[in-house]
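S.K.: Please arrange chain B on chain A, whose structure you already have, making use of the hints.
Line order of the protein sequences matches chains A and B. Going by the numbering used here, the first sequence opens with residue 1, and the numbers climb by one from there. Going by the numbering used here, the second sequence opens with residue 1, and the numbers climb by one from there.
Just so you know, the hints here were simulated from the structure itself, not pulled from any lab data. Here the structure is a predicted model, which is why all the values come from computation and not from measurement. Note that beta-carbon positions come from the ideal geometry of N, C-alpha and C, so glycine has one too. Certain hints may be false.
[Stated by the list, open to error] Distance condition first, Cα-Cα at most 20 angstroms in a straight line; then the derived SDA-like pairs of lysine to any residue: (1) B:189 to A:90; (2) B:191 to A:101; (3) B:185 to B:213; (4) B:79 to B:94; (5) B:264 to A:87; (6) B:263 to A:89; (7) A:97 to B:247; (8) B:264 to A:83; (9) B:191 to A:96.
[Claimed, not checked] Ranges of calculated distance between the beta carbons of each label pair, as one might list FRET restraints: (10) A:90 to B:181: 27 to 33 angstroms; (11) B:201 to A:56: 40 to 46 angstroms; (12) A:60 to B:240: 45 to 51 angstroms; (13) B:181 to A:120: 36 to 42 angstroms; (14) B:225 to A:110: 19 to 25 angstroms; (15) B:192 to A:115: 45 to 51 angstroms; (16) B:192 to A:56: 48 to 54 angstroms.
[What the hints assert, rightly or not] Far from chain A by the CB rule (all over 12 angstroms, computed), these chain B residues: (17) 87; (18) 89; (19) 124; (20) 129; (21) 135; (22) 139; (23) 146; (24) 209; (25) 225; (26) 226; (27) 227; (28) 241.
Here are the chains, one letter per residue:
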Amino acid sequence: MDEKIYQNIDTPKINPLEPIDNNLSQLVTIKKIPPKFIPLIALGIIIFILSVAALVVTSQRKSDNHNLAPTPTVEIPTSSETLNDSLIPTMFQADFKDIDASLNYSPNLPPPEIDISVGL
Amino acid sequence: MVKLVYTYALGAYGETRGGPSPLSGTFLLHYFMWFLLFLLLPTPVLAQDSNDLLDQYRTDYFYQRDIYQQNYQQYLNKKHSFDQYRTTTSLQDKIEATKNTLLSQNIMLRSYMMALRTTLNDTPTLQDSLLNYENWLLSQNTTLSNLTTAADFQIWATDFQKTYIPIQIDIYKSLIQQQINHRQKILLKLKDIASRGDVNWDKNFLKKEQDFIEANTEALSWSQSHQFEDRFSPFYEDAQKNLTDADTALKSITLDLKSILIKKSGR
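Only chain A is shown next, with the shape it has when bound in the complex:
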């Protein structure tokens, strides 16, 4: 009587050529962060970035302060193209009015144009 070969029922597929069905991922259970913590975490990240930025800016300012002169040397004029002349001290207003008029003055003497070939 021939011996009947039985397959071990505990290992139904023992074919090394087939890929092993790895169900390990199923074993790892991912713990989801509760939704109520998400805003808190985001807030924490923002606070962290801001504090780092503040640290950088403060250190930058501290290093710049060493180069500043204690008092301004030159009176820096306003870089405006038009000034309200009524703000000029009264004692100089008439002088500046004359100067403004003089700056736009032209003698209006167009040079004569002649034909130098007349008579030739």
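M.R.: What follows is chain B alone, placed relative to chain A:
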């Protein structure tokens, strides 16, 4: 004995004492009036500032320019007629028109230089030079009046072409110098204001003042540019660019001085 006689007193006869007559009231008034007239007469002449003179000379120049243009137009017509017909009459007409045109041309140039001269009170060397050319033009009109033939006019016009080159150089040089003088006066006024307003000029405006001086010097240097013997090479437009730079520097100084004074006043 005292004798009553008629003497002239204050325009009316009146009886006064006789004898050697003292200076009467009329006489005194008469002298006083002449004295007043003597004092007052030069006043209007002195009061005429250069702007009034410039206005007068400029008006005269524009008037002379109109006359020249009319004469020139007539000359062109007569020249055209002569080229077309070649008759003795048309030649005579052309000669007459040539003479009128050249005479009015010299008068116009002279009036222009007179006007230009009034703007150059700070540059007597250029004034003298212009005055010399004015006198030369005046003498040339005497010469022109005596010319009668086309050949005479041809010789005169050839000579004039050569002399007109230095005249043009001086005219354009004067125009540049006149603008520089005008701007320098403004700069002096600004310096005066800065001094009165207790503004440190050197600290605030030295760089801009240097730019201003440099631009003016460059503008004037164009008048020294090389000229050909037979024709004038213009330089005024190039100089104008430098004058515009000087103008910009001056306007910037004015604006800065205004703002500094405003700041100082704390408004």
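S.K.: Hints first: check each against the structure and report whether it holds.
M.R.: These are the hints, each one checked on the structure:
no.: 1; hint: B:189 to A:90; result: 16 angstroms, holds
no.: 2; hint: B:191 to A:101; result: 17 angstroms, holds
no.: 3; hint: B:185 to B:213; result: 13 angstroms, holds
no.: 4; hint: B:79 to B:94; result: 6 angstroms, holds
no.: 5; hint: B:264 to A:87; result: 11 angstroms, holds
no.: 6; hint: B:263 to A:89; result: 10 angstroms, holds
no.: 7; hint: A:97 to B:247; result: 17 angstroms, holds
no.: 8; hint: B:264 to A:83; result: 15 angstroms, holds
no.: 9; hint: B:191 to A:96; result: 12 angstroms, holds
no.: 10; hint: A:90 to B:181: 27 to 33 angstroms; result: 30 angstroms, holds
no.: 11; hint: B:201 to A:56: 40 to 46 angstroms; result: 44 angstroms, holds
no.: 12; hint: A:60 to B:240: 45 to 51 angstroms; result: 49 angstroms, holds
no.: 13; hint: B:181 to A:120: 36 to 42 angstroms; result: 37 angstroms, holds
no.: 14; hint: B:225 to A:110: 19 to 25 angstroms; result: 22 angstroms, holds
no.: 15; hint: B:192 to A:115: 45 to 51 angstroms; result: 47 angstroms, holds
no.: 16; hint: B:192 to A:56: 48 to 54 angstroms; result: 52 angstroms, holds
no.: 17; hint: 87; result: 20 angstroms, holds
no.: 18; hint: 89; result: 19 angstroms, holds
no.: 19; hint: 124; result: 18 angstroms, holds
no.: 20; hint: 129; result: 16 angstroms, holds
no.: 21; hint: 135; result: 18 angstroms, holds
no.: 22; hint: 139; result: 17 angstroms, holds
no.: 23; hint: 146; result: 14 angstroms, holds
no.: 24; hint: 209; result: 15 angstroms, holds
no.: 25; hint: 225; result: 17 angstroms, holds
no.: 26; hint: 226; result: 20 angstroms, holds
no.: 27; hint: 227; result: 15 angstroms, holds
no.: 28; hint: 241; result: 17 angstroms, holds
This entry satisfies every hint, going by the numbered hints stated previously.
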